[in-house]
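If you read the protein sequences in the order shown, they are chains Z and S.
Going by the working numbering, the residue at position 190 of the first sequence is 190; the numbering climbs one at a time, nothing skipped.
Going by the working numbering, the residue at position 234 of the second sequence is 234; the numbering climbs one at a time, nothing skipped.
Among the hints, erroneous ones may be present.
Under the rule of at most 20 angstroms between Cα atoms (straight-line distance), these lysine to any residue pairs were calculated in the SDA-like manner [claimed, not checked]:
(1) K65(S) x F35(S)
(2) K208(Z) x I181(S)
(3) K208(Z) x L190(S)
(4) K208(Z) x L179(S)
(5) K208(Z) x A40(S)
(6) K208(Z) x L186(S)
Just a few of them, taken from the derived set where beta-carbon distance is under 8 angstroms, the chain Z residues facing chain S [to be verified]:
(7) T6
(8) T29
(9) G81
(10) H85
(11) R87
(12) V163
(13) N164
(14) M174
(15) P178
(16) S206
(17) F213
Note that these hints are calculated values from the structure, not bench results.
C-beta atoms are modelled at their ideal positions from N, C-alpha and C, and glycine is treated no differently.
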Amino acid sequence: MTGRRTPGVVAAAWLIARKDLAIEFRTRTAFLSALVFAVLALCIFYFTWDQSVVPPADRAPGVLWVVLAFSGLLGLQRSFGVEEHDRGIDALLVSPIGREAIYVGKAIGNLVFLFAIQLVAIPALAIFYNLPFGRPLLAVGGIVLLATIGIVAVGTLFSAMAVNTRLAELLLPMLSLPFFVPILMTAAQATTLVFAGRPPAEAWPSLKILIAFDIVFLVACTLAFPYTLEE
Amino acid sequence: MTTIPVSNGTSNSGSSGRSNGTPAPAAPRAVFDWFSAVAALGVVGIYIRAIYFTPIERLQGAAQKIYYLHVPAALAAYIAISITALMSIVYLWLHDERADRLAEAGAEVGLVFLTVVLTSGPLWGHRIWGAWWAWWDMRLTLTLFLWFIVAAYLIVRGGVEEAAMRGRYSAVLAILAALLIPFIHLSVYLFQARLHPMPVVLKPGEPSLPPEMLTTFLLAFAAFALLCIAFIRARYRVGLLRDLAAELAA
Numbered sequence: 001m002t003g004r005r006t007p008g009v010v011a012a013a014w015l016i017a018r019k020d021l022a023i024e025f026r027t028r029t030a031f032l033s034a035l036v037f038a039v040l041a042l043c044i045f046y047f048t049w050d051q052s053v054v055p056p057a058d059r060a061p062g063v064l065w066v067v068l069a070f071s072g073l074l075g076l077q078r079s080f081g082v083e084e085h086d087r088g089i090d091a092l093l094v095s096p097i098g099r100e101a102i103y104v105g106k107a108i109g110n111l112v113f114l115f116a117i118q119l120v121a122i123p124a125l126a127i128f129y130n131l132p133f134g135r136p137l138l139a140v141g142g143i144v145l146l147a148t149i150g151i152v153a154v155g156t157l158f159s160a161m162a163v164n165t166r167l168a169e170l171l172l173p174m175l176s177l178p179f180f181v182p183i184l185m186t187a188a189q190a191t192t193l194v195f196a197g198r199p200p201a202e203a204w205p206s207l208k209i210l211i212a213f214d215i216v217f218l219v220a221c222t223l224a225f226p227y228t229l230e231e
Numbered sequence: 001m002t003t004i005p006v007s008n009g010t011s012n013s014g015s016s017g018r019s020n021g022t023p024a025p026a027a028p029r030a031v032f033d034w035f036s037a038v039a040a041l042g043v044v045g046i047y048i049r050a051i052y053f054t055p056i057e058r059l060q061g062a063a064q065k066i067y068y069l070h071v072p073a074a075l076a077a078y079i080a081i082s083i084t085a086l087m088s089i090v091y092l093w094l095h096d097e098r099a100d101r102l103a104e105a106g107a108e109v110g111l112v113f114l115t116v117v118l119t120s121g122p123l124w125g126h127r128i129w130g131a132w133w134a135w136w137d138m139r140l141t142l143t144l145f146l147w148f149i150v151a152a153y154l155i156v157r158g159g160v161e162e163a164a165m166r167g168r169y170s171a172v173l174a175i176l177a178a179l180l181i182p183f184i185h186l187s188v189y190l191f192q193a194r195l196h197p198m199p200v201v202l203k204p205g206e207p208s209l210p211p212e213m214l215t216t217f218l219l220a221f222a223a224f225a226l227l228c229i230a231f232i233r234a235r236y237r238v239g240l241l242r243d244l245a246a247e248l249a250a
């Protein structure tokens with residue numbers, strides 16, 4: 001399959017990511033619904049504990065990670081769902097680009113989508129839960145960055161699988177959440193330490209697991225992705 | 001357990017579908033499954049031995065008898081799930097549908113044994129630890145998430161119609177799950193090390209068991225391993241018959 005000028009993996013991935021983001025930017029339906037969901041969930045969770053017993057700042061890490069995981073799933077759902085209309089995926093498959101490039105492109109698109117939600121959700125958390133802005137929030141941003149890479153790595157693959165099954169959107173949370181367990185456990189642990197004002201060295205063991213997860217699953221999912229497409 | 005029924009999986013008609021001249025693949029005859037019968041008898045024998053002929057543990061009392069169900073079931077679950085992981089790699093490599101069928105059988109049998117582990121465990125824990133559930137116990141948490149993963153694996157299998165795609169999807173999922181388990185293990189370990197002291201020794205190790213108990217345990221393990229293989233064999237045949245029936249219906 002050598003066309004007249006086939007783009008390399010990086011260029012092809014970038015083209016796909018740009019296409020997805022352009023669709024999202026023009027319609028904004030998925031983004032707005034995921035965003036409203038995230039902020040709404042932050043507010044709802046405020047009332048699920050007795051405020052006089054557990055101070056809001058102690059609950060913030062848990063709430064943050066529940067909200068980021070579920071709003072992330074909303075974003076991931078759309079990733080391959082958007083290709084199902086008019087069988088856009090067939091056009092991608094016949095185009096002269098590697099299948100790995102499709103995965104990387106979709107993952108980049110999802111990463112940008114999730115970051116955009118977090119860019120609003122984290123400051124909203126700081127306001128609603130009266131957390132200090134500044135260095136701790138910046139450190140949390142770093143943890144979120146690492147965790148989101150892992151979430152997107154597995155979520156993108158499972159999104160591709162889920163659309164081809166009879167269960168479609170029901171399947172994605174069932175597949176993804178067990179894989180989010182180590183991410184959420186370590187990220188929530190690190191976030192708790194940061195908000196408690198502990199030295200950063202204490203969060204390092206959690207971050208090491210996060211980084212290892214990101215690397216292992218980015219590689220594994222890139223290799224596995226071609227198997228999830230029709231042959 | 002004597003004859004194997006054709007599962008109501010993907011096909012809708014089976015035996016009467018032989019129509020247009022093409023020779024039907026030979027279906028395995030339904031025969032008395034001696035292997036399963038021996039395994040089942042073995043398990044019955046083990047419980048007679050465990051209940052009537054093995055001494056009662058001094059501190060835990062009769063509750064300790066759960067040991068002879070709980071631990072062998074866990075080991076059987078590990079055998080079944082290892083078969084699934086191994087056969088998934090073989091399937092992606094060789095595209096042999098026998099490997100896929102074996103992986104399917106391993107997962108289903110593994111889920112059954114994991115369910116036994118997860119129900120007998122809290123019963124024992126409630127009596128001895130004073131709590132149904134202990135999140136900081138690594139083995140408990142890991143087993144629970146393993147259960148969820150195997151359940152998701154079987155749901156994926158049920159959700160894909162086309163055989164080749166089902167094989168690839170489930171193999172990919174099983175291999176990723178095998179990569180996931182060390183990460184869950186690590187993060188639970190971290191969680192536990194931060195918040196809780198290491199739990200007290202939950203059960204005596206093998207060498208500290210009195211010889212009668214050790215013999216019962218080893219026999220129980222052998223019986224469960226046999227039962228596990230018998231189940232996988234039976235489940236494999238169900239898968240085989242289902243595929244044959246689907247082929248005939250097509």
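These are the hints, each one checked on the structure:
1. Restraint check: the Cα-Cα separation between K65(S) and F35(S) comes to about 26 angstroms, which exceeds 20 angstroms; the hinted pair is violated.
2. Taking the CA atoms of K208(Z) and I181(S), the gap is about 16 angstroms. The hint holds against a cut of 20 angstroms.
3. Between the alpha carbons of K208(Z) and L190(S) the distance comes to roughly 11 angstroms, so the proposed pair stays at or under 20 angstroms and holds.
4. In summary, the hint linking K208(Z) to L179(S) is supported, as the alpha carbons are separated by about 16 angstroms, within the 20 angstroms threshold.
5. Proposed proximity of K208(Z) and A40(S) is contradicted: the alpha carbons are some 47 angstroms apart, above 20 angstroms.
6. Straight-line distance between C-alpha atoms of K208(Z) and L186(S) comes to about 11 angstroms, which keeps the hinted pair within the 20 angstroms bound.
7. The beta carbon of T6(Z) comes no nearer than 25 angstroms to any beta carbon in chain S, farther than 8 angstroms, and the hint placing it at the interface is violated.
8. Because the beta carbon of T29(Z) sits about 26 angstroms from the nearest beta carbon in chain S, more than 8 angstroms, this interface hint is broken.
9. Given hint, G81(Z) at the interface with chain S, is violated; its Cβ is 15 angstroms from that chain's nearest Cβ, farther than 8 angstroms.
10. For H85(Z), the interface hint is violated, the least distance from its beta-carbon to any beta-carbon of chain S being 20 angstroms, above 8 angstroms.
11. Against a cut-off of 8 angstroms between C-beta atoms, the interface hint on R87(Z) is violated, since the closest Cβ of chain S lies about 16 angstroms away.
12. Residue-level restraint check for V163(Z) is violated (minimum Cβ-Cβ distance to chain S is 11 angstroms; threshold 8 angstroms).
13. With its C-beta approaching chain S no nearer than about 7 angstroms, N164(Z) sits inside the 8 angstroms limit, and its interface hint holds.
14. With a cut of 8 angstroms, the hint placing M174(Z) at the interface with chain S holds, because the nearest CB-to-CB distance is about 5 angstroms.
15. Here the hint on P178(Z) is kept, as its CB sits about 5 angstroms from the closest CB of chain S, short of 8 angstroms.
16. The beta carbon of S206(Z) is positioned within 8 angstroms of a beta carbon in chain S (closest approach about 6 angstroms), and the interface hint is therefore held.
17. Among the interface hints, the one on F213(Z) holds; its C-beta lies about 5 angstroms from the nearest C-beta in chain S, closer than the 8 angstroms criterion.
Consistency with the previously given hints fails for numbers 1, 5, 7, 8, 9, 10, 11 and 12, ordered from lowest to highest.
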